[in-house]
Amino acid sequence: MKKTTVALTGVIVGLLVAFLLTVLDSPSSSAQSSQELSYGEERALIENLQARYLFALDFKDHDLYVTTFTPDGILDVGDGEIVGREAIKAAVANMPGGRHHIANIVLRIDGDRATGRSSWFHTGNDNPEGRMTIGGFGHYEDDLVKVDGEWLFARRRIYNEGNEAWAAPPGNPAW
Amino acid sequence: MKKTTVALTGVIVGLLVAFLLTVLDSPSSSAQSSQELSYGEERALIENLQARYLFALDFKDHDLYVTTFTPDGILDVGDGEIVGREAIKAAVANMPGGRHHIANIVLRIDGDRATGRSSWFHTGNDNPEGRMTIGGFGHYEDDLVKVDGEWLFARRRIYNEGNEAWAAPPGNPAW
Amino acid sequence: MKKTTVALTGVIVGLLVAFLLTVLDSPSSSAQSSQELSYGEERALIENLQARYLFALDFKDHDLYVTTFTPDGILDVGDGEIVGREAIKAAVANMPGGRHHIANIVLRIDGDRATGRSSWFHTGNDNPEGRMTIGGFGHYEDDLVKVDGEWLFARRRIYNEGNEAWAAPPGNPAW
Chain Z
160 MKKTTVALTG
170 VIVGLLVAFL
180 LTVLDSPSSS
190 AQSSQELSYG
200 EERALIENLQ
210 ARYLFALDFK
220 DHDLYVTTFT
230 PDGILDVGDG
240 EIVGREAIKA
250 AVANMPGGRH
260 HIANIVLRID
270 GDRATGRSSW
280 FHTGNDNPEG
290 RMTIGGFGHY
300 EDDLVKVDGE
310 WLFARRRIYN
320 EGNEAWAAPP
330 GNPAW
Chain V
160 MKKTTVALTG
170 VIVGLLVAFL
180 LTVLDSPSSS
190 AQSSQELSYG
200 EERALIENLQ
210 ARYLFALDFK
220 DHDLYVTTFT
230 PDGILDVGDG
240 EIVGREAIKA
250 AVANMPGGRH
260 HIANIVLRID
270 GDRATGRSSW
280 FHTGNDNPEG
290 RMTIGGFGHY
300 EDDLVKVDGE
310 WLFARRRIYN
320 EGNEAWAAPP
330 GNPAW
Chain L
160 MKKTTVALTG
170 VIVGLLVAFL
180 LTVLDSPSSS
190 AQSSQELSYG
200 EERALIENLQ
210 ARYLFALDFK
220 DHDLYVTTFT
230 PDGILDVGDG
240 EIVGREAIKA
250 AVANMPGGRH
260 HIANIVLRID
270 GDRATGRSSW
280 FHTGNDNPEG
290 RMTIGGFGHY
300 EDDLVKVDGE
310 WLFARRRIYN
320 EGNEAWAAPP
330 GNPAW
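Protein chains in written order, with this note's numbering: chain Z, 160 to 334; chain V, 160 to 334; chain L, 160 to 334.
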C-alpha cells in the first residue's frame, strides 16, 4: 500500500498545483480581481468610460459626470487646470446643448495607468431654424488610472479647433 | 513493474486533468462554444454587430439588415413598435441616402443579455448643390441577446433630435 | 526508495507539462508572442492602428503615417493604386487640414490576416468665416496583415461620397 500512497499523494499535489496555475491565469478570475488584464480587456473598459462620460455630459448628469474623474482629477479645456470633482462640476454646469461624439481612440496601457488620445466633434441644432450644425471639433489628451478595478480620468486636456486659443499646437499628439 | 504502473497511471491521470482544465479555460475554446466570454470579447462582438447593422442599412442590404434583429425583434423609431423581421424590413425600405455613424457605445453585459446606449449622426449630400450636411443625430437604446453565439438586437429604440416628436426625454439614458 | 523516486519523477514531469500548457494558453504570454489572439484582442489592436493612422494623417506626421502600411502596402483613394511607403508619403503630403474620424468598424479576422470595412467623415473650418463644415464622408475597405505582432495595412481603398469619381458602387461592401 505504501507505494500506492506515495504515488497518489504525488498525483493529488500535482492536480492541485495545476488547478491553481490554471485558475490564476484564466481571464474570468482576472476580471474579478484588480490585477492587470489584457490590452483588449482594459481597452474595452476605457472605451466604456469614454462613452459614459459623454452621455453624462450631454444629458447634464453632472453628478455622474464628475465620478468619471478621480477625486483630485484635472480637467483643462484650454483656460487652465480645473482641479477636483466639485470644481469640474461647476465648470460644466453651463455647457451648451447638442451631442459630443468620440472617435479615433489611441490607447497606451501600462498596468493601472493609461495614456489616451482621441478625437471629438459636436453636433447640434440649437439655432432659430433648427438647422443641423457641427458645433466644434478637436481632440482629447487623457491620463487615466485604474482605481479598485475602475478606470478614471486623472487628467483630461481638451483641444478645440473652433477657437484659436483652444486649438492644438502643431505636431502629432499621438504615436 | 507494479510500482512503475501505479506511478505512471497517476501521472497520466494528472496530465489529462491538467490538460482539460487548461483547455476549458482558454479564450480560444471559449470562443468556439456558446459559453460566456469576458467583457472585452463580448463587447468586441457587439461593436462588430453595430457596425454591420449600419453598413447594411446605408447600403440598402435590407435582407442582411433584418438578420441583425432576433426573429421577433423590435424596432422603434419613435412612432411605435415595429415587431418582427418582415415588418422591420418594410419600414426601412424607404430610408434616405447618406451614411449613419455610431459612437459613444456604453455596454452593460450580463451573460447572454446586454443593454446598450450609443450616439449616432448622419452625414449626407443629397441636395441640389451636393452640399455636405448633418442629416440628423440622436441616440440608440438597445436590448441585445446572444443566440447560438451571435449577438442580435432584441429591441432597438432610436431617438432623433432632428424632430421634436422623436427627441429624447430629459435625463441620462446611460449610467 | 526506488518506488518513491519513480512516483516523484512522474509527478514532477506532470507538473512541468501542466505548467507549460497553462503558460502557453494564457493571454499574457500570447500577447508577447506572435501567436493568434482572441477576436477581441486582435480587434483592439486593429482599432488602435486605425486611430493612430488618423492622428498621423491629420497632424501631418507623414513619417509615422506610412509605417501603418506594410513596406509594399497599397493606398488607393480612387485614382489607382499607390504602392509602397515612399509613394504613399508623397501622395498624402498635400492633404487639406481639419480632422478625419472613423466609425462603424466591421472586422473579419483570420489568423494574421484581417478584412475591414469602416466609415469615415471629415470635419473642418478652413474657410474665410471659420465656419464648421463636413468636408467629406465615405468608407474604407482594408486588407490587414499582422507582421511580428503588429497589424499593418496591406491595402487600403478609400471611397469618398463627395466626388462622383470616388464614390462607392452600389451594394453592401460589408457582410
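Calculated from the structure, these hints are not laboratory results.
Model, not experiment: these values are computed from the prediction.
Don't take each hint at face value.
Heads up, simulated DMTMM-like pairs for lysine to aspartate or glutamate below, C-alpha to C-alpha not over 25 Å straight-line [claimed, not checked]:
no., chain 1, residue 1, chain 2, residue 2
1, L, K219, Z, E240
2, V, K219, L, D302
3, L, K248, L, E288
4, L, K219, Z, E300
5, V, K219, L, E323
6, L, K305, Z, D269
7, V, K305, L, D302
Which hints from the list above does the structure break, by number from lowest to highest? Of the numbered hints given earlier, those the structure breaks are 1, 3, 7, listed in rising order.
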